[in-house]
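**Q** Sequence:
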Amino acid sequence: MISSYELSIDKLLIVEIGITPYGNLYHSDLPLALQEKYNGFLNHQFVEDYVDYVEFCFKTFGDRVKNWFTFNEPRIVAALGFDNGVIPPLRCSKEVGNCTAGNLAFEPYIVGHNLILSHAKVVKKYREKYQIYLQANQKGRIGILLDFNWCEPLTRSKIDNYAAQRARDFHVGWFLHPIRYGEYPRTMQEIVGERLPKFTEEEVKMVNGSFDYVGINQYTTRYISSPETPSNITSYQIDWNATFATTKNGVQIGLRANSGWLYIVPWGMYKAVTYVKERYGNLNIIISENGMDNPGNATLPNGLKDTTRIKFFKDYMTQLKKAIDEGANVTGYFAWSLVDNFEWSLGYTSRFGIIYVDYKNLKRYPKMSAYWFKQLLEKKQ
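Here the sequence shown stands for residues 220 to 600, where the numbers follow my numbering.
Hints may contain errors.
To be verified - Result set (DSSO-like, lysine-lysine): computed pairs, CA atoms no more than 27 Å apart in a straight line:
1. Lys340 x Lys278
2. Lys230 x Lys340
3. Lys230 x Lys541
4. Lys593 x Lys524
5. Lys313 x Lys340
6. Lys490 x Lys424
7. Lys582 x Lys524
8. Lys424 x Lys348
9. Lys593 x Lys230
10. Lys256 x Lys358
11. Lys313 x Lys230
12. Lys278 x Lys230
13. Lys358 x Lys348
14. Lys344 x Lys424
15. Lys278 x Lys344
16. Lys417 x Lys490
17. Lys358 x Lys490
18. Lys524 x Lys496
19. Lys377 x Lys424
20. Lys540 x Lys582
21. Lys490 x Lys541
22. Lys285 x Lys377
23. Lys540 x Lys530
24. Lys278 x Lys377
25. Lys278 x Lys424
26. Lys344 x Lys256
27. Lys582 x Lys496
Unchecked claim - Computed beta-carbon distance windows for the label pairs:
28. Tyr590 x Glu413: 27 to 33 Å
29. Trp480 x His263: 41 to 47 Å
30. Gly551 x Lys377: 22 to 28 Å
31. Gly237 x Asp534: 45 to 51 Å
Honestly, the hints are just simulated from the structure, not real lab data.
Using N, Cα and C, we set each Cβ at its ideal position, and we do this for glycine too.
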C-alpha cells in the first residue's frame, strides 16, 4: 500500500506531467479495528491514534507532498454516521431509524468534537515539527475540507432568515467557527447547551487558527424556513430548528442531477464563498469539490455527450469568479470527479466523472467535459 502511494506521488511530480499532489488524510475509511476496539470516533483515544497515523504520512510523503487536508467532510461523518445512521457505523436512536445502537442527542457532537481536536492536534504537530523545522523543513500547507450547501431563506421574513442562519451555523459553522475563532457558534452553544462538549483553555489555543487554507465542497443549495411545529425529538438535525425545501411558489430551485440531493443552483456558489469570506475573515479558500452526476447506466455514446455537465461547470465557475472579483481569496478549484467512481451508497448508479469508465473492462474515455476543461486550462481564462 505504501509503495503504491509512493509510486503515484512520484509519477505526478514528473516534470512532463507536472501535477501537484494534495494529500487527503481521511476520507471515510476508519480502520474497522479501531471501531471494534473502542468505538472509533466516539472515543478520545482516536485523537491520539490519528495523530500517530498522520505523522507517519508526514515522515513518509512530506518531502514531496506539500499540501494536506486532515479530513474530508467531517460533518458528514458525525451527522450521517451518528445522527440518522445512514453511513457507517450506522448509529442513531430508535426514534429515527432501525439502528442497533446510538444516541443522536449526544453522539454527533462527541464525534464532531473529537474530529476537531484530531484536526487541531495534527496541525499543531505539523507546524512544530514538519512545516518549518530545522531538520524536516517541508514548507507545506495544511487545512481541512468542509461541505457547505448554501442555505437560502425561503422568504424575507425574520423567522426564515434566522432559520437560515441557524442552518449555516450548524452546517459549515460547526467545524469552521472553532478552527477560526476557537469556539462553537453562539447559536449552537445556546441550542445544544450541555450536550455540546467544551474546549479547555489549552484546546482553545490549539484549535483557534488551526489551518493554512480551508477546502469548501460546494454542490447545491436549499431553501430554509422556520418549522411550523416543534419536534419532540432531540437530535443534531432537529437542533437546527429549520425546514428544508427545493421549491418556492411552485418553482423548483434548479434542475435536479441524478442524485436526489443535488439540484443545480450556480448562484449558491457565489453566496457560499462570499459568506465564508465575510463571516470568517477572508481566509484562504479552495473549492475542493464541485460537480454533478449522470445516471450510472448511461451508455458510452450518451455518457460522453455531457453537455449539462459543461454548463454546470461554466455557470458555477462564473459565479465563483464573481466572488473572486469581489475580493474572495480563492486559490484553487477541484472538480468532482476526474473519473466515474464508486459513489458511496449510490455505488455505480451515479457518474460524476469527466472521464467515462466502462465498468466491464475499466477502459477510460474522456467526456466532452474533459475536453472543455482542457481548453479552459489552455486559455487560462
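**Q** Please verify whether lysine 377 and lysine 424 have alpha carbons no more than 27 Å apart.
**A** Violated: lysine 377 and lysine 424 sit about 35 Å apart, past 27 Å.
**Q** Checking one constraint from the list: CA of lysine 278 to CA of lysine 230, max 27 Å. Satisfied?
**A** 19 Å, holds
**Q** Starting from the range 41 to 47 Å, see whether the pair tryptophan 480 and histidine 263 falls in it by beta-carbon distance.
**A** 32 Å, violated
**Q** Assess, step by step, whether the Cα of lysine 424 is no farther than 27 Å from the Cα of lysine 348, and give holds or violated.
**A** Within the cut-off at roughly 18 Å; holds.
**Q** Holds or violated: lysine 593 and lysine 230, Cα atoms, limit 27 Å.
**A** 20 Å, holds
**Q** For the pair we were handed, lysine 285 and lysine 377, check the Cα-Cα distance against 27 Å.
**A** Given that 27 Å is the threshold and the Cα spacing comes to 45 Å, the pair is violated.
**Q** Against the 27 Å threshold, does the CA-CA distance of lysine 313 and lysine 230 hold or violate the hint?
**A** 49 Å, violated
**Q** Straight-line Cα separation of lysine 344 and lysine 424 no greater than 27 Å?
**A** 14 Å, holds
**Q** Lysine 340 and lysine 278 were given as a pair; does the straight-line alpha-carbon distance stay at or below 27 Å?
**A** Holds - the C-alpha atoms of lysine 278 and lysine 340 are around 16 Å apart, at most 27 Å.
**Q** Does lysine 496 sit within 27 Å of lysine 582, going by the straight-line distance between their CA atoms?
**A** 41 Å, violated
**Q** What's the verdict on lysine 230 and lysine 340, does the C-alpha distance respect the 27 Å limit or exceed it?
**A** It is violated: about 31 Å lies between the C-alpha atoms, which goes past 27 Å.
**Q** Using the C-beta atoms of glycine 237 and aspartate 534, is the stated range 45 to 51 Å upheld?
**A** Distance hint for glycine 237, aspartate 534 is violated at roughly 29 Å.
Checked against the numbered hints above, the structure violates hints 2, 3, 5, 6, 10, 11, 16, 17, 18, 19, 20, 22, 24, 27, 28, 29, 30, 31; every other hint is satisfied.
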